[in-house]
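Chemist: Sequence:
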Amino acid sequence: MSLLNATLEGVETVQRNLHFTWLDHSVFAFMLVMSTVVGVLIGVCGKQDTKVDYLLGGKKMGILPISMSLNIQLLNCPHEAELTQIQTNCFTEAPGTEPVDFCIAIIILGLIKIGGFKNMWETSSAGGRIEFFNTDPSPFARNTIWTIAVGTSFGWLSSLGVSQGMVQKFIALPDLRSARLALMFFSVGLLFMKMMSVCVGLIIYTAYHDCDPIVTKQISKADQLLPYFTMDTASKIPGLPGLFVAGIFSAGLSTMSSYLNCLSATIYEDFISPLIKGNKKLESKAPFFMKSIVVFVGVVCLCMVFIVERLGGILQVAIATSGVTSGATLGIFVIGMFFPWANSKGCLVGSIASLLVMGWIVSGAQHYKTSGVERYPYLPLSTEGCEKRFNFTPPVLPEPTPLPEGMGDDAFIVYKISFHYYCMIGTIIAITVGMVVSYFTGFQNPKEVDSRLLVPFMQKYGSSYQEAPTEPLEKELMTMTPPPQYEQVRRTSMAA
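In UniProt numbering, the protein residues as written are 1 to 496.
Simulated from the structure, these hints should not be mistaken for laboratory data.
Values in this document were obtained by computation on a predicted structure and should not be read as measured data.
Positions of the beta carbon are idealized from the N, C-alpha and C atoms, including for glycine.
Hints should not be assumed to be uniformly reliable.
To be verified - BS3-like, lysine-lysine: derived pairs with alpha carbons at most 25 Å apart: (1) K236 - K113; (2) K118 - K194; (3) K345 - K460; (4) K194 - K113; (5) K447 - K345; (6) K217 - K236; (7) K281 - K291; (8) K221 - K194; (9) K221 - K416; (10) K291 - K277; (11) K113 - K221; (12) K280 - K291; (13) K217 - K113; (14) K447 - K460.
Claimed, not checked - FRET-style restraints, in silico, Cβ to Cβ: (15) V414 - G115: 39 to 47 Å; (16) F133 - V300: 16 to 24 Å; (17) V40 - D175: 30 to 38 Å; (18) K460 - G116: 37 to 45 Å; (19) V40 - G115: 44 to 52 Å; (20) K460 - E122: 53 to 61 Å; (21) C303 - K221: 14 to 22 Å; (22) V300 - A126: 42 to 50 Å; (23) M184 - V436: 34 to 42 Å; (24) V300 - T441: 29 to 37 Å; (25) E448 - K280: 29 to 37 Å; (26) V305 - K447: 49 to 57 Å.
Take the sequences, apply the hints, and build the full model.
Modeler: Given below as structure tokens:
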């Protein structure tokens, strides 16, 4: 409190200078208006007569737009590199919202502000922000080489392999070759964006390493570091802060619209389509039903914002909450592809068990975090340089007591597990419970399973051993030789 009182006048002076001008507001408002107009025009005038048109763009999407759409969803949170080590921030998954061009602009302005890349690297190294190989085997440590090699690998499998938001984009492409190229471009772009994201985080740390804005109460949450740094760095350039925030919102709206679209497709296919099956009139209104679902779910998501903002840092919340469902989803697909003996009852019970257990773990861990039990203490923050920034002599802060990584002793042991392992745990639970239930309820006959649904080395146990098709079905049909009976019927009809 003494530090806050001592810096109050200087902080207020800085905060008065960090505000939007009329030009920033104009740029931001223009972006929102244009996004609304484009959305309305596409919805009213676009060709969306069928489910394929609405969900997959008529399967005529290009490789580059799909690759860019995939990348924009997975840009990381730069504040993690400012508060923790660099090692996992390059590779952990988290839905992000900073477009590439604005990241580049912030990196250039930031490097000019802090004195170059060399100073950034040296300052970050001295502050303990750069650590590539932490081999701590503890499952309670947040960022280690094992959370990357093991924990987040399951997250990537779920995200790229079975997540509807990703898979729907791949199948919107015209053929398998295009999907492979899109995935290749996506991988290259993802690596580039992750590196930029970490670079932004290290630049922010270097800029405030001796006068942290969180400690001095200039901001209240770590998630505010990037907007604060943007205003502090780019406020002298008219319109640039507004353009940056507009970019954040545009990427966020784009990502949100993609997932709302996927969710509407799931709800329609699983709950509405069976009820109207056979009714041609209602089936023709499928796009209308899905658009209505998007509006409803969007309102629900808007209301959920007031809950999410109380759950802590956005990166941990995003990965933890996705771990509840991603593990169960990945587990179902693994059972289906690797275990042809498993039955539907096992898959159902296994997925439910995974959802319940992971929901319990995640909710308990978040409860302890929001209750004030610090799960993953941040690296040391300093105020030694605040004298230059605020023109005052900072009081001597007590040396912080070192805290081990993980929660306090009063937290249940499973709540201490690193959130990077949530997807892996959920997958293991789904597979284990699913196979046990399948055993007690009776394994199904593997010969009743289409071998094309199994991984290659398990296809021999399926109904008919054959290589899974690697070309579009249309091309396969075009190259098929008609049976002799068909040729005989054709000649008879022509003679008649």
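Chemist: With the threshold set at 25 Å, check whether the alpha-carbon distance from K345 to K460 stays at or below it.
Modeler: Holds: K345 and K460 sit about 24 Å apart, inside 25 Å.
Chemist: Does the structure keep K291 and K277 at a Cα separation of 25 Å or less?
Modeler: holds, 19 Å
Chemist: Compare the distance between the alpha carbons of K113 and K221 with 25 Å, and conclude whether the hinted pair is satisfied.
Modeler: holds, 23 Å
Chemist: Could you tell me whether the CB distance from K460 to E122 stays inside 53 to 61 Å?
Modeler: holds, 58 Å
Chemist: Taking the CB of V40 and the CB of G115, does the distance hold inside 44 to 52 Å?
Modeler: holds, 47 Å
Chemist: For K460 and G116, compare the CB-CB distance with the range 37 to 45 Å and indicate the outcome.
Modeler: violated, 60 Å
Chemist: Can the suggested window of 42 to 50 Å be confirmed for the beta-carbon pair V300 and A126?
Modeler: This hint holds: roughly 46 Å between Cβ atoms.
Chemist: Quickly compare the C-alpha distance for K280 and K291 to 25 Å and report which way the hint goes.
Modeler: Within the cut-off at roughly 19 Å; holds.
Chemist: CA of K217 to CA of K236, is that 25 Å or under?
Modeler: holds, 23 Å
Chemist: Can you confirm whether the C-alpha distance between K217 and K113 stays at or below 25 Å?
Modeler: holds, 22 Å
Chemist: Between the beta carbons of V305 and K447, is the distance compatible with 49 to 57 Å?
Modeler: holds, 51 Å
Chemist: Decide if the proposed pair is consistent with the structure: K221 and K194, CA atoms, cutoff 25 Å inclusive.
Modeler: Holds. K221 to K194 sits at ~22 Å (cutoff 25 Å).
Violated hints, in rising order: 16, 18; the structure is consistent with all others.
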